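Please construct the entire structure, taking both the sequences and the accompanying hints into account.
Mapping of the sequence shown onto this note's numbering: position 120 corresponds to residue 120, and the numbering continues sequentially without gaps.
The set of hints was computed from the structure by calculation and includes no laboratory data. Fair warning: there could be bad hints in the mix.
[As the list claims (entries may be wrong)] DEER-style ranges, computed between Cβ atoms:
id : residue 1 : residue 2 : range
1  : ARG257    : THR564    : 39 to 45 Å
2  : ARG56     : ALA459    : 37 to 43 Å
3  : LEU615    : ILE766    : 51 to 57 Å
4  : ALA228    : GLU542    : 43 to 49 Å
5  : SER73     : GLY477    : 56 to 62 Å
6  : HIS751    : THR146    : 45 to 51 Å
7  : GLY225    : THR146    : 43 to 49 Å
8  : GLU542    : GLY225    : 29 to 35 Å
9  : ARG56     : GLN540    : 31 to 37 Å
10 : VAL769    : GLY512    : 48 to 54 Å
11 : GLN147    : ARG464    : 27 to 33 Å
None of these values were measured; they are calculated from a predicted model. The C-beta atom is built at its ideal place from N, Cα and C for all residues, glycine as well.
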Amino acid sequence: MTVLRRPTFALAVILVLGLGVAVSTLAFTVLEAFLLRPLPFREADRLVWLETHHSRTGTDLGMSFVDFKDLRSAESFEDTAFLNLRWNGNIRLGDGTEAETLRTTFCTWNLLELMGVRTALGRGFRAEDDAPDAPRTLVISHAVWTQVLGSAPDVIGRTLNLDGEERQIIGVLPPGVRFPAQTDLWVPTGERFQSSSSRGNRFDRAIARLRPGVSREAAEVELRGIAARLARDFPDSNSMATSALVRLRDASTSSVRPSLYLVFAASACLLLISCANVGAMFLAAGVARAREFGIRSALGATRSNLVRQLLREAFVLAGLGGAFGTAVAAVALSLLARAIPTDLPYWIEWHLDLGSLAFALGCSFFTAVGATMLSARRILAGAEVRSALMRGSGASAGTSRWQPVLVGAQIALSFVLLSLGAALVRHVFDLGQTAPGFEPRGILLVEVNPTYRSDEPAAQRVSRFEQLLATIRNLPGVVSVAANNSPPFIPQRPWNRTDFTVEGQDEAAQHGNPIASFQTVSADYFRTLKIPLLRGRAFQTEDTIESTRAAIISRALAERVFGTVDPLGQRFQLGPIEDRTEPNWRTIVGVVGDLRHQSLEGSPVPDIYFASTQLAWKQMHYLVRVADGIPPLSLLPAIRRECAKVSADTGIFNAAPLERLVSDSLWQQRLRGWLVSGFSSAAIALACAGLAALAALHVTQRRREFGIRLALGALAASLSAAVITRSLRLTAIGLAFGAAGAFAGARLAAHFDPAFPAPSLLSLTIPAVIVLAVSLLASALPARRAARVNPVAALRAE
Numbered sequence: 001m002t003v004l005r006r007p008t009f010a011l012a013v014i015l016v017l018g019l020g021v022a023v024s025t026l027a028f029t030v031l032e033a034f035l036l037r038p039l040p041f042r043e044a045d046r047l048v049w050l051e052t053h054h055s056r057t058g059t060d061l062g063m064s065f066v067d068f069k070d071l072r073s074a075e076s077f078e079d080t081a082f083l084n085l086r087w088n089g090n091i092r093l094g095d096g097t098e099a100e101t102l103r104t105t106f107c108t109w110n111l112l113e114l115m116g117v118r119t120a121l122g123r124g125f126r127a128e129d130d131a132p133d134a135p136r137t138l139v140i141s142h143a144v145w146t147q148v149l150g151s152a153p154d155v156i157g158r159t160l161n162l163d164g165e166e167r168q169i170i171g172v173l174p175p176g177v178r179f180p181a182q183t184d185l186w187v188p189t190g191e192r193f194q195s196s197s198s199r200g201n202r203f204d205r206a207i208a209r210l211r212p213g214v215s216r217e218a219a220e221v222e223l224r225g226i227a228a229r230l231a232r233d234f235p236d237s238n239s240m241a242t243s244a245l246v247r248l249r250d251a252s253t254s255s256v257r258p259s260l261y262l263v264f265a266a267s268a269c270l271l272l273i274s275c276a277n278v279g280a281m282f283l284a285a286g287v288a289r290a291r292e293f294g295i296r297s298a299l300g301a302t303r304s305n306l307v308r309q310l311l312r313e314a315f316v317l318a319g320l321g322g323a324f325g326t327a328v329a330a331v332a333l334s335l336l337a338r339a340i341p342t343d344l345p346y347w348i349e350w351h352l353d354l355g356s357l358a359f360a361l362g363c364s365f366f367t368a369v370g371a372t373m374l375s376a377r378r379i380l381a382g383a384e385v386r387s388a389l390m391r392g393s394g395a396s397a398g399t400s401r402w403q404p405v406l407v408g409a410q411i412a413l414s415f416v417l418l419s420l421g422a423a424l425v426r427h428v429f430d431l432g433q434t435a436p437g438f439e440p441r442g443i444l445l446v447e448v449n450p451t452y453r454s455d456e457p458a459a460q461r462v463s464r465f466e467q468l469l470a471t472i473r474n475l476p477g478v479v480s481v482a483a484n485n486s487p488p489f490i491p492q493r494p495w496n497r498t499d500f501t502v503e504g505q506d507e508a509a510q511h512g513n514p515i516a517s518f519q520t521v522s523a524d525y526f527r528t529l530k531i532p533l534l535r536g537r538a539f540q541t542e543d544t545i546e547s548t549r550a551a552i553i554s555r556a557l558a559e560r561v562f563g564t565v566d567p568l569g570q571r572f573q574l575g576p577i578e579d580r581t582e583p584n585w586r587t588i589v590g591v592v593g594d595l596r597h598q599s600l601e602g603s604p605v606p607d608i609y610f611a612s613t614q615l616a617w618k619q620m621h622y623l624v625r626v627a628d629g630i631p632p633l634s635l636l637p638a639i640r641r642e643c644a645k646v647s648a649d650t651g652i653f654n655a656a657p658l659e660r661l662v663s664d665s666l667w668q669q670r671l672r673g674w675l676v677s678g679f680s681s682a683a684i685a686l687a688c689a690g691l692a693a694l695a696a697l698h699v700t701q702r703r704r705e706f707g708i709r710l711a712l713g714a715l716a717a718s719l720s721a722a723v724i725t726r727s728l729r730l731t732a733i734g735l736a737f738g739a740a741g742a743f744a745g746a747r748l749a750a751h752f753d754p755a756f757p758a759p760s761l762l763s764l765t766i767p768a769v770i771v772l773a774v775s776l777l778a779s780a781l782p783a784r785r786a787a788r789v790n791p792v793a794a795l796r797a798e
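This is the structure in structure tokens:
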């Protein structure tokens, strides 16, 4: 084939085309995994989370079972289920002294049926499994069956000791099913939910299936009507509560959606640059082959024959470029998956499927064929083949007016990507310098989960908790240890956010209070994390279950609620004041510095802290500060060993250095910054190649003119300057359009992500300097060739 006689041209097209296809296919595959691929549930478009939101701030408050019983009566719902997401259960292994902690979801019996999930072995739950006197049962994940139970063939009917209670395994789910959040065990406990009588205990979640033909918006209108009635009937608990429906996919992907759009748009820009580069190469090749086409035409070839030949060559190059790009995308996809340091929803699968392959081939064929048609247009016009025969063998064909346009477009798009990438990298750097409000270096965070026993007194739980703290505190290399039920940079649940009422506030003042994050911490928490105590005192061992309930608040909350009034000694309670004779007052004993809990972006949220010795939680996160020079994770074996001596059936899991968790919280910003910067680097390389090729073609076409000018006494430096000036003029035009595109692109990105940084003078100046430097570099070699033209050889060639 003719293309094989031009291997350099073919290789260049395949590489440039493959780069554009690889990047765009990678971005499309990620976008498809998050937003486009169907969820693995029956008619997933009708599944929605049923949530309670704060009517003033929109904050998700969680769901109480009492409210759920009223809301599920809505005509818009075909079915509803209730579930608890905050539990980690311990199962006993071996001789019963070893515990393994597994993520457990307590749910009403119909959860799996509502989702359309079928068991791989055994059966799912039935209504009778939820009865108060029913045998204790559970369903396990495929991973638990294979990894914990060794794929035992007799697994159905076996019992597991879950938190001290024997339960019979009745089903095993198919591989990969971990709904709702990497769940290992499902337990039907509707009767426990039924025992709840407080509307304010919004510690759980609800999911619903809409009736066929009912839109989410219509169902939400009905729900808000029910919520308004509840607010009138139960003002103490529901006056600031309303209902909302969130699509199942949106609940998991809303936080990453802006980044997905940004990366996909950046990849589209790079694909356009590849298209322009390939188009310029085909135009240059068409100009070089003009005489060939003229001779073929003279020998009887029709214009359609010539165009078909070009299309055949384009199809071959498109196939090879698409295959190369797909292979690169597959490798990049595996590297990208490793760069995400967080648990994604289990239904997000990172692989190239038929949709990704179709997208890759479509991009490659569209690019190659589009580039071919630019060149074929000149042949179809007929002028090119006629003029080619009129020129001598040494004459050069004319330059296509499209070539400078395509190269200028590459420069403009490259500058857009480069400026946006610079802004994103600068933003990540600034966030990395943001103080979280505590010192994460040298802290090991580990989750400690004692086996739960419902009949265990609160005092006994507190005693065991204190013993575990003391045991870890006495380990060699430990400076201090503390605990928090919801520590910084661990995903926070809605039930750790609440409104509150200060003693003496009227209803209007209470409505002005912010939604606060509340945590239960041990006495040494602030010292261990080096959180500054601004006023008052920290928690003490004297803060016991029997003593006055103490609380510590953050500076942000103190300034917003109390202003210039001294908050020490003030009393408050969580939620609005209910109609009872003895409100659950807590007295403020201290004020500490502000913390950033989930993100280094934005402002710190108001915090409330309670003493762990006054509020016994089943599971806590322990924060261990180690001595300088000791890797935090090196203490994990000793912690496991010593904690087992205090409480053998205690799970120790999810261990990680706190400093890494803080750094990992920026994974989205960091990843999109480096991806866009990587795309811009590839773009500027392509633009450099296109500019160099255009300058080289310009020198080749003007070789005779340059030879005559040198023979007449022109300076070689003036010829070099002419070539460089032409490239710089084209670059300046591209930069002008690129600057406008950068501002437009930043404004569009900010529409989807308000935290997107606006272009600064620095993020525009540095890319402009880089583009100008690249332009000089690209035109340097052609300019050198222009200065070294031999006048005699140039004239002889004519």
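Structure-based check of all given hints:
The supplied range of 39 to 45 Å is met by ARG257 and THR564, whose beta-carbon atoms lie about 42 Å from each other. For ARG56 and ALA459, the hinted distance range of 37 to 43 Å is satisfied, since their beta carbons lie about 38 Å from each other. For LEU615 and ILE766, the hinted distance range of 51 to 57 Å is satisfied, since their beta carbons lie about 52 Å from each other. Remark: the range hint 43 to 49 Å for ALA228 to GLU542 is upheld by a beta-carbon distance near 46 Å.
Remark: the range hint 56 to 62 Å for SER73 to GLY477 is upheld by a beta-carbon distance near 58 Å. Judged by the Cβ atoms, the range 45 to 51 Å given for HIS751 and THR146 holds: they are separated by roughly 46 Å. In this structure the supplied range 43 to 49 Å holds for GLY225 paired with THR146, their Cβ-Cβ distance being about 48 Å. At about 50 Å, the beta-carbon gap between GLU542 and GLY225 misses the expected band of 29 to 35 Å.
Checking the proposed 31 to 37 Å range against ARG56 and GLN540 shows it holds: the Cβ atoms sit about 36 Å from each other. For VAL769 paired with GLY512, a C-beta distance near 50 Å keeps the hint of 48 to 54 Å intact. Under the hint 27 to 33 Å, the C-beta atoms of GLN147 and ARG464, about 29 Å apart, fit the expected range.
When each numbered hint is compared with the structure, a violation occurs for hint 8 only.
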